[in-house]
Amino acid sequence: MIKDLPVIVILIPLLGALLTLIAGRINRIFSWYLAAVSTFFSFIGVFVLVQAVWHTGRISYWLGGWEPPRGIEYVVDYLNGFVLVVISFVTFAVTIYAKKSVEQEIPPQKQPVFYTTYLLFVTGLLGVVITGDIFNLYVFLEILSLTSYGLIAMGKKREALIGSYNYLIMGSVGATFILLGIGHLYMMTGTLNMADLREILPAVSQSRVVLTAFAFFVIGLSIKIALFPLHNWLPNAYTYAPSAVSAIMAATSTKAGAYILIRVIFTVFGPAFMLSGMQMNHLFVFFAAVAILAGSIMAVAQTDIKKMLAYSSIGQIGYIVLGVGLMNLTGIMGSLLHVLNHALMKGCLFLVVGAVVYRLGITKIADFKGLGKKMPVSMAAFTVAAVSMIGVPLTVGFVSKWYLAVASLEAGMGFLIFVLMLSSLLIAVYFWRVIDNIYFQPCADVEAGHRPNSVPDPSKPKEAPVLMLVPTVVLAALCIVFGIFSALPLSIAEKAATVLLK
Amino acid sequence: MEVYASLKPLYALLVSLSAVILIGVSRKRPNLRETWTLLAALLKLAIVASMLPLILEGKVVECLLATVAPGLELRLKVDSLGLLFATTASFLWLITSVYSIGYMRALEEHAQTRYYMCFAVALFSATGLAFAANLFTLFVFYEVLTLSTYPLVAHKQTPDALKGARRYLTFLLGTSILFQLPAIIMTYFYAGTLDFSSGGILAGKAPDAIITVMFILFIAGTAKAAIMPLHSWLPAAMVAPTPVSALLHAVAVVKAGVFTVTRVVLYVFGIDLLAGLGLGVVLACLASFTIITASIIALRQDNLKARLAYSTISQLSYIILAVALLTPSGITSGIMHITIHAFGKITLFFAAGAIYVAAHKTQVSELDGIGRRMPFTMGAFTVGALSMIAVPPAAGFVSKWYLLLGAVEAHQILVIIVIITSTLLNAGYYLPIVCAAFFKEGREVPCRGDRLREAPATMVAPLVITASGVLLLFFTSNYLFNMASIVTASVTGGN
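Top to bottom, those sequences are chains A and B.
Under the working numbering, think of the first position of the first sequence as 467, with each following residue one higher.
Under the working numbering, think of the first position of the second sequence as 190, with each following residue one higher.
Hints are supplied without guarantee of correctness; some may be wrong.
[Stated by the list, open to error] DSBU-like mimics (lysine-lysine), calculated; alpha carbons at most 30 angstroms apart, straight line: (1) A/928 with A/565; (2) A/835 with A/623; (3) A/839 with A/622; (4) B/217 with A/839; (5) B/248 with B/197; (6) A/839 with B/197; (7) B/352 with A/773; (8) A/830 with B/197; (9) A/840 with B/345; (10) A/623 with A/830; (11) A/840 with B/248; (12) A/773 with A/623; (13) A/576 with A/835; (14) A/835 with B/248; (15) A/928 with B/248; (16) B/352 with A/840; (17) A/840 with A/622; (18) A/773 with A/565; (19) A/840 with A/968; (20) B/217 with A/928; (21) A/839 with A/773; (22) A/830 with B/352; (23) A/835 with B/197; (24) A/839 with B/345.
The set of hints was computed from the structure by calculation and includes no laboratory data.
Here the structure is a predicted model, which is why all the values come from computation and not from measurement.
With the rest of the complex left out, here is chain B:
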């Protein structure tokens, strides 16, 4: 693989970081402050996107930041997997920033400066995590992401919010220190390096029992992926303002978790090692259990955001399951689903936030007839829901297609059954919302007729954009497929 030394990845990080300072400085002038956020998001997206051509040619962009100690290097390396995640995150940051402005101003939230600053730090760390060249760098950004999102989750500072935030922190920081860090230390001790390599770095370096222990530690230590039973922080974190839930809990934080698992599975252990030890199957079982259980719990949630949260838990495990199959199509599907699910889920959360701002409704049972008052919002919601269920022409279909293919390649009938069951369950908890919104009569007496009562335009526009993104991704899925297959080719040795 051709290595191309460039400072671009560093610039992509610095853009968000300098935004933090500028936002802080202009705290007294809200318009200027929001301009910085938007400018930074735009610039970041441009820098990240400018690396696309190089990556598509199969090259890798590298840049060394600092050597903390021998063996502990802060190094950035952009490959196809990282760039896909970073592009998704920076694009959605831009959209979410617009949405945030609408949401935060409509609700006249407090501490908005802190909110935008933490948001920028969170994006800084998500990008850093995507570009991490070794486990140490990855861990650094993993922790920074946790710490920077804590103030966002605790934003309302009510006892409830603080309780949720504390659980959030306990789960994420606790597992990463107690399980992930020891696993990284053991990796360093046995493999002598922490650098990601497409064939894995642990093969033949440690006894099987130790490798199994390390694998379990890594999976348990990545609570951001919300694999059961380490998922309960996610619903608890739904106390955050909706844009936070949208970007961080559908895209940045949770995707950082599955991204970490993917990196570790493919680039630290390597598929041959895991297949040889049968650990892929273990992970697949955990993921399958999570998919089904979370879907069943989601069925019973009346709070819209809680239902979306459980749906996220289930969808994240799709990615884990896909990667755990250790087959080319499976891995491709998992990587594609990182982006596809991000667009779908952010649309759903945006819609939930818009409903809250425009109609002050949070429960599913209150949504009867709301589709007539908020046609754009609920239309976008429908597109997002269809993507979750995997109905064409929503993009969710594409990744599920490859997931099924991967299951066939791996000769795992059970996985196919799990996927079909879960698809039915997905339909079971999304379609009633859509039906009720459009076809049921609202219980409320329409006071001013059935006039349109949409949320502010700064909120509706983003959700329409992401919903069209979901559709667009279906028709342009070959680009996504190409990027994913660069990764797949490198980790499977070109097969």
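This is chain A alone, in the form it adopts within the complex:
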């Protein structure tokens, strides 16, 4: 059973997607239940799987019984076990949340299709992370990308289409680059299995073909994770997507991209490849530092909260890439921890924003005045996540920043501390504007035009519905729990990082 779990956790959402489409024809309400049940079981599956990995080490599954490297292999080790838990948990939380939000934002006849696409998206996410075959990875990445274009396009405003189209173009360019990279590697080595590639590549590592492949991978993946300056698709995509989609994309899909980057760099090419020759890790550090500052600065300039959070994500991606570029144990631990932390924080923030949209239909920061009185629980969750983004100690944001800062010193690049701190400060600036509005500015009357029709009595806006509130609060609480007891995620991250650096 445990040996089959790697494929089962992917099959659950995949079959769920098909069933959703059929069940949705019978009764619309089934589609959400199916989505919730499938994401729940895939989370449980992942949880059991990771526990097994924790006790026995790497678990490998041969698809169709074909022995790798000929057949496709699914592998779970510490690294992707960690990422899988994060992704499947956040996915489940967002699915619970999605019910109310989708009911309002998506036209009823489209809801079954929405949930089908959504579950396919989840399949792509989990598949990308779990596969040990580089071409299979490309397949899942395409599933992930195509479904996200669809999900974004379901946003209510017309801009959603433009955002989706923009992402489609950029995403396809990125995917093509990745495919070219895979092709080059295959040409050179004759294999597509990651573990196998790792053994063959060192012998030919300095050949032009391999270097070209690496360049294609890096650029392609940089587009996928929206590393500055290849970030242009991200703000509009996040801003105009339906609330649940913004939350899940911000929390998980760039994380999956970051995971692929780490996997390709460390498992396929190996740390020695990065450090030899051109010392490409310095390039990563440079672009990461630029991304951290640029993302934060652009976020300060935003007036729309979803856009602000989107630009903030661009900065946060920089943190993850920074740890990768530093190439030491502490740095990679910091990066992996930030994958978890950012998923929790940004997920929570987008969920709160979604709840505000649900109740009041506003996304302008200036309209947030006095919300602290109207939606106290949601706003408390927002504040916790925001404080965590700033990196105040005892929240998760602090721990990953701490690790990245110590890693910078260990790598002899102490000046990076000031980049990190400056960005903390900028983050404080853009979040404090919101918090100031929420708690300390008198309540502003929302203009009539903004309000969705479903709110009958606008003078008494209520707290978000329980189904939206619970996932939000759970994510916010985890921001604090893992901020105080970071030892658990850190121990997994440490094991993963140790393996990666071998």
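Add chain B to chain A, keeping to what the hints say.
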């Protein structure tokens, strides 16, 4: 040093924290709500005071709360320095709570529940900061203190108040993230630990240049100590209600700043290291500059609270200067002044608040003849002012005496000159207020005769208590001296 494991420090923290919840729950019943505040303050004081005997025997109380990550421990450790600060803060919290009730009700302020909740959180973090066993714990509580006092400073929510509060937050949060945190990270990297140790933890661990950089980062990162040029948040924060200014800006927040500097100087760098690099002198120069400049600015302030604020800036630098001398008497004086100045300054702020409530006056120039109408308030004000100037039998004399002794020990003639000049300046901005209040005729036509018009008793009683505290501290200063000398002995290696 004997270590005594106990959960008492944790209880002292939890008392304030549970008060926050209880205050929040009973927001609809003001009397019950205020009872919680008073009960918590009383209980906290009792718990903190119960640790006194152990500490006076030279023991240390420790308790580990959580390990966030390897090297990042939330650990509490009560030593003489921390306990002195915590006792002062919890005693004055009790007094201020009584005063707050009078002040807030007399002025019918809004959002009182939020006010009392934030106050309790602020005290929670001040105590945590006092009991911090390592830099990480200290930083945690330093930040919590900043964040929890923001709503207090912004309390009035007028554009002015928000502007002041924003400056407050920018300075405190900004410097702590931009300078203090990097310094802590560097300490961890070079020393391999963040635990305070009486000989310092950095000696021989890093190149001199790096140590100098770290020292500058630490000092710049502790804006709560209001060393110039990072002082301008303090006058800006005077937009807060007076009890807030009294407790937080004369005791908890600013003292947290000088406490942090003291901890860092004595327990992270160690006096030998700093003396060897000549960094003590640098800090002393900064402090001297602040003392004189702030006093001169204070002379020109007509707003009473602004004048008190600049006086605070100057007095805080007394503590910094005393510690920066790196001599036994200097350190003793600095530690004693933390408590002594707290009592004196809180009396002055209480008086300012009482004047505002009873007579609606905020400017120094309006205070002519007010001493006859408010004899208790102005009497207490006089005692506080004398303590600032260091006239016996006010307690301020004791700490200044040891400060001068420390300057002599360090052979710093210039420091002596600075202290004398500043004493004259102190007299120059406090005595005219006292003289005008008692000896000048009020410009107002006395409408109902020269009847007593004091503030409510809940405000007058606290300020009389703190004023008598100032006098009492003078006569019982040997207790204070004993506690301070336990610290001095441990950091100077018993010399």
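Hint-by-hint comparison with the structure:
Between residue 928 of chain A and residue 565 of chain A, the direct Cα distance comes to roughly 18 angstroms. Compliance with the 30 angstroms bound is thereby established for this hinted pair. For the given pair, residue 835 of chain A sits about 24 angstroms from residue 623 of chain A by alpha-carbon distance, which is consistent with the 30 angstroms threshold. Of the pairs offered as hints, the one joining residue 839 of chain A and residue 622 of chain A holds, with about 28 angstroms between alpha carbons and a cut-off of 30 angstroms not exceeded. Taking the CA atoms of residue 217 of chain B and residue 839 of chain A, the gap is near 15 angstroms; set against the 30 angstroms cutoff, the hint holds.
Between residue 248 of chain B and residue 197 of chain B, the direct Cα distance comes to roughly 14 angstroms. Compliance with the 30 angstroms bound is thereby established for this hinted pair. Proposed proximity of residue 839 of chain A and residue 197 of chain B is contradicted: the alpha carbons are some 37 angstroms apart, above 30 angstroms. Between the alpha carbons of residue 352 of chain B and residue 773 of chain A the distance comes to roughly 26 angstroms, so the proposed pair stays at or under 30 angstroms and holds. Restraint check: the Cα-Cα separation between residue 830 of chain A and residue 197 of chain B comes to about 48 angstroms, which exceeds 30 angstroms; the hinted pair is violated.
Using a Cα cut-off of 30 angstroms, the hinted pair residue 840 of chain A and residue 345 of chain B holds, with the two alpha carbons roughly 20 angstroms apart. Restraint check for residue 623 of chain A and residue 830 of chain A: the C-alpha separation of about 15 angstroms stays at or below 30 angstroms, so the hint holds. Annotation: proposed proximity of residue 840 of chain A to residue 248 of chain B is violated, straight-line Cα distance about 51 angstroms (limit 30 angstroms). Only pairs whose Cα atoms come within 30 angstroms are accepted, and residue 773 of chain A paired with residue 623 of chain A is accepted, the gap being roughly 14 angstroms.
Our distance criterion of 30 angstroms between C-alpha atoms is broken by residue 576 of chain A and residue 835 of chain A, whose separation comes to about 34 angstroms. Restraint check for residue 835 of chain A and residue 248 of chain B: the C-alpha separation of about 52 angstroms exceeds 30 angstroms, so the hint is violated. Simply put, residue 928 of chain A and residue 248 of chain B have alpha-carbon atoms about 55 angstroms apart, too far for the 30 angstroms limit, and the pair is violated. Distance check on the hinted pair: residue 352 of chain B and residue 840 of chain A sit about 24 angstroms apart at the alpha-carbon level, within 30 angstroms; holds.
Proximity of residue 840 of chain A to residue 622 of chain A is assessed by CA-CA distance (about 25 angstroms); at most 30 angstroms being required, the pair is judged to hold. The suggested pairing of residue 773 of chain A with residue 565 of chain A holds, with an alpha-carbon distance near 23 angstroms, which does not exceed 30 angstroms. Taking the CA atoms of residue 840 of chain A and residue 968 of chain A, the gap is about 53 angstroms. The hint is violated against a cut of 30 angstroms. Between residue 217 of chain B and residue 928 of chain A the CA atoms are separated by roughly 20 angstroms; this keeps the pair inside 30 angstroms, and the hint holds.
At most 30 angstroms may separate the alpha-carbon atoms for a hinted pair to count; residue 839 of chain A and residue 773 of chain A meet this at roughly 24 angstroms. Restraint check for residue 830 of chain A and residue 352 of chain B: satisfied, since their Cα atoms lie roughly 22 angstroms apart, inside the 30 angstroms limit. Among the hinted pairs, residue 835 of chain A with residue 197 of chain B is inconsistent with the structure: their alpha-carbon atoms are about 42 angstroms apart, more than 30 angstroms. Taking the CA atoms of residue 839 of chain A and residue 345 of chain B, the gap is near 17 angstroms; set against the 30 angstroms cutoff, the hint holds.
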